[in-house]
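Next come the chains, spelled out residue by residue.
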Amino acid sequence: MLVLKDVNKTYDGKKMAVKELNLKVNAGEIFGFIGPNGAGKTTTIKMITGLLPPTSGRILLNGIDLATLPVEAKRNFTYVPDHPEIFTGLKGIEYLNFLADMYEVPGRERRNRIEKYTRLFAIDTALGDLIQAYSHGMKQKLLICGALLPQAPLFILDEPLVGLDPLATKHLKDIMREHCAAGGTVFFSSHLLAVVDEICDRIGLINQGELIVCDRVERIKNGSAHSLEDIFLELTKDGEG
Amino acid sequence: MGKVKTLIRIQLREFFSKYRWGIGINGKKPRKGYLLVTLCFLTIPFLQMSVEVYRYFNQWGRPDLGVAYLMMMTFLLMLFTAIPLLNSIFLYNDDYQILAPLPLPEDYLVLAKLSVVWVYTAGINLLLFLPVLFLIGLEKGGESFFFLCGLLLIILTPFLPLFLATLFVFGFTTFLANRGRKNLLSLLFGLVLLGLVLGAQLLMMGENPVRLLALTESLIRYYPPAGWAAQMINGSWLSIIYYLSLNGLCYFGLKALARRLYRSALLFSGIKRVKPKSNYVYRPRGKYRQLLRRNLLIIIRQPVFLMHTLLSSAVPILIFLVGFHSGDFTAERLSLFDQPRRFTLFWVGLASTPALLNNLSATAITREGKAFWETMVLPVTAWDNLRARINTTFLLNITASLLVMGTIMFSFSSQFPAVFSGFFFVAMLTWLLASTDLVINIYRPFLNWSNPAAAIKNNLNVLLSLAYRPLLSLIPLVVFRCFPEAGINRLLFTCGILFSFLTLLIRRYLYWVMLERFKRIGG
Ligand SMILES: Nc1ncnc2c1ncn2[C@@H]1O[C@H](COP(=O)(O)OP(=O)(O)OP(=O)(O)O)[C@@H](O)[C@H]1O
Ligand SMILES: [Mg+2]
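For the record, the sequence lines run as chains A and B.
Under this note's numbering, the residue at position 30 of the first sequence is numbered 30, and the numbers go up by one with no gaps.
Under this note's numbering, the residue at position 44 of the second sequence is numbered 44, and the numbers go up by one with no gaps.
Treat each hint with caution, since some may be false.
Said to hold, decoys possible - Once the Cα atoms are required to be at most 30 Å apart in a straight line, the calculated DSS-like pairs of lysine-lysine come out as:
#1 A:Lys14 <-> B:Lys370
#2 A:Lys19 <-> B:Lys370
#3 B:Lys519 <-> A:Lys116
#4 A:Lys237 <-> A:Lys5
#5 B:Lys370 <-> A:Lys173
#6 B:Lys519 <-> A:Lys15
#7 A:Lys14 <-> B:Lys519
#8 A:Lys5 <-> B:Lys519
#9 A:Lys237 <-> A:Lys221
#10 B:Lys5 <-> B:Lys140
#11 A:Lys19 <-> A:Lys170
#12 B:Lys519 <-> A:Lys19
#13 B:Lys370 <-> A:Lys15
#14 B:Lys140 <-> B:Lys370
#15 B:Lys519 <-> B:Lys457
#16 A:Lys170 <-> A:Lys5
#17 B:Lys519 <-> A:Lys24
#18 B:Lys457 <-> B:Lys370
#19 B:Lys5 <-> B:Lys287
#20 A:Lys15 <-> A:Lys5
In case anyone wonders, no lab produced these hints; they're calculated from the structure.
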């Protein structure tokens, strides 16, 4: 579903924010992307979504090269950023309709999905308000609803759980699972290792721009009794040393 | 008191650093010398105006009336500057997040913010009054009484307009915000003021000096402080007392209101409620149409952008209406009957001003600010994304031009020469400018603003786009030179075709060269 080949990124020409990243996320799996602050998670995600051009390397979405066929590639995913900075002059409903038009969701399905997801995340009553009047968590939920609306095969989220209440967190986890059960793919970054441990099929651990480990959760733990947290701390300490 | 000082210093620094960043190139801070030169340029018109006023009124032996005239001018000018300033400092500033939790009394915050506006308006005031007072002082031989008067005038004049502007901004915007129509009235008020200022300027230029003298004297009745100022210059202690007490009242009024101002400012900075609606429309629309709509809404739903756009589009209409009603633009004067050519040039010129003044494309990307990423992850081509921005500018400006045409047509109902060729000229010019300005914005995207005023004013993009406009006048000049015998219709068509040819070139350039740069914005 998602393939990164020798992807490099540097912001200033000297320091590598992402180094020689090779990654393959298969259809139908939930992929967790973890690493310390400043490791390069957001940078990687921005490159996958076309917000940042990689310094070198190729990114394929569903076999389509993002650099050569950006529109076709972008049809395959939706994205929820780490900060919900969107144009706040729209009403919630206008924002969702805007996205639905961009992904060409037909009228009837659009209505069903908007009603379903906004009710699930309890923002259905706020849809007539301008986004300006939304709380941080509400904006986050609106972005998630917007990203779910087109039902694109790949769902990319950057730290989606920050700021969500427990119920919304549970719903989001359920949705991720359902999405994968139906053949979709989820790629998300998070610092909540317990959640990552709970729902991910595979995990990529990035530190200082380099992918250190990328494997199934059980294989990383390798039968040892250590928690994911211990392993994380151990691996990232080595990376620094 | 120490706390207040620190607070004021921080507010001042924040405010003026925004200006400095706006002037800077590529987000770097400009050098001191560069800044100084810019400042000098800005002060010249004010100083010049002051000297003009002195010369004018002195010639009739009434320099004191000159001061009264300036008082009235500055009153309008300060209202006009203070209202948008108060709006952006109080109602559209996100520094409450930092300020509100501080252990300070609420009125301190308000007074600190107000003092920024005071410093700004008093600065303008100083420029306007210093030359007049200096020249009058020279004549009077530097009495200490006169010196005192001058000082009082310079320091205190901003108080009354500031007080009224504050009442206005808070009274009406909070009233309207409750109805979800923040800023509508402030907008109307801005338009009225602009008309007044233009009117005052036209009067100054008018050929009838006695009329102005008499007018000033009669207007003093409506604005007594101007009269007091004139009397003060003539040595009246009583006027000083009046003047001081009025300003004292304003000061205490502001202090008494401070707490309420703070409350409403906190409440309304950023928050806007619209009545919830239950039956939404789910009708699908075309992608491109949605992009256009989004770009339009970015202007319409952001009051600072809306106000700026409407004001710049309204200038030509106002100029025309003021001229028309003051009798300066009449059918005979514009040679409507014997020489339609002159009239055609007149209306085509006015109809072109929205495109010339309202360089919306120069900030089409900047206006999106931190939300710029949104359209970049969507499955739309970068070219559509750019085109939508150009066409938004085109739509808005051509609408303004049509309104200008409509106003002129309505006023001179009988004749209207060269409608089609003139409109073709205006439309092609609008299209050209909408495309070229975008090149500037792609070079200098500047997305990290927090104050919307910084995104569209005080911004080098805007200045750059205004700077190259005079060059374009070469095209009509050359065409008119080359075919001195040709009819006006043919000349306008030729220019229009040249403009469209240039536009096509610029669009090729945008497509083949700038598009790659556009895709990298934010990276
Ligand atoms: N706009 C930028 N300009 C320059 N350097 C940047 C920029 N954004 C990120 N970086 C650098 O790139 C590196 C990776 O940053 P990134 O934001 O990808 O980290 P992250 O893994 O998402 O961290 P966090 O967990 O804190 O979100 C960091 O060293 C950071 O300093
Ligand atoms: Mg991050």
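Hints and how they fare:
1. In summary, the hint linking Lys14 (chain A) to Lys370 (chain B) is supported, as the alpha carbons are separated by about 26 Å, within the 30 Å threshold.
2. Restraint check for Lys19 (chain A) and Lys370 (chain B): satisfied, since their Cα atoms lie roughly 27 Å apart, inside the 30 Å limit.
3. A C-alpha spacing of about 35 Å is found between Lys519 (chain B) and Lys116 (chain A), which places the hinted pair above 30 Å, so the restraint is violated.
4. For the hint linking Lys237 (chain A) to Lys5 (chain A), the alpha-carbon distance of about 26 Å falls within 30 Å, and the restraint holds.
5. With a CA separation close to 28 Å, the supplied pair Lys370 (chain B) and Lys173 (chain A) stays within the 30 Å bound.
6. With a C-alpha separation of about 22 Å, the suggested pair Lys519 (chain B) and Lys15 (chain A) falls inside the 30 Å cut-off, and the hint holds.
7. Of the supplied pair hints, the one linking Lys14 (chain A) and Lys519 (chain B) holds, its CA atoms being roughly 22 Å apart against a limit of 30 Å.
8. Pair hint Lys5 (chain A) plus Lys519 (chain B) holds up; C-alpha atoms about 21 Å apart against a cutoff of 30 Å.
9. Restraint check for Lys237 (chain A) and Lys221 (chain A): satisfied, since their Cα atoms lie roughly 17 Å apart, inside the 30 Å limit.
10. Restraint check for Lys5 (chain B) and Lys140 (chain B): the C-alpha separation of about 37 Å exceeds 30 Å, so the hint is violated.
11. Only pairs whose Cα atoms come within 30 Å are accepted, and Lys19 (chain A) paired with Lys170 (chain A) is rejected, the gap being roughly 34 Å.
12. Restraint check for Lys519 (chain B) and Lys19 (chain A): satisfied, since their Cα atoms lie roughly 22 Å apart, inside the 30 Å limit.
13. Under the criterion of a C-alpha separation no larger than 30 Å, the hint pairing Lys370 (chain B) with Lys15 (chain A) is consistent with the structure, at around 25 Å.
14. Annotation: proposed proximity of Lys140 (chain B) to Lys370 (chain B) is violated, straight-line Cα distance about 58 Å (limit 30 Å).
15. Distance check on the hinted pair: Lys519 (chain B) and Lys457 (chain B) sit about 25 Å apart at the alpha-carbon level, within 30 Å; holds.
16. For the suggested pair Lys170 (chain A) and Lys5 (chain A), the alpha carbons sit about 34 Å apart, so the restraint of at most 30 Å is broken.
17. In summary, the hint linking Lys519 (chain B) to Lys24 (chain A) is supported, as the alpha carbons are separated by about 25 Å, within the 30 Å threshold.
18. Between Lys457 (chain B) and Lys370 (chain B) the CA atoms are separated by roughly 18 Å; this keeps the pair inside 30 Å, and the hint holds.
19. For the suggested pair Lys5 (chain B) and Lys287 (chain B), the alpha carbons sit about 53 Å apart, so the restraint of at most 30 Å is broken.
20. A hinted pair counts as satisfied when its Cα atoms are at most 30 Å apart, and Lys15 (chain A) with Lys5 (chain A) qualifies at roughly 20 Å.
Hint compliance for this structure: hints 3, 10, 11, 14, 16, 19 are not met, and every other hint is.
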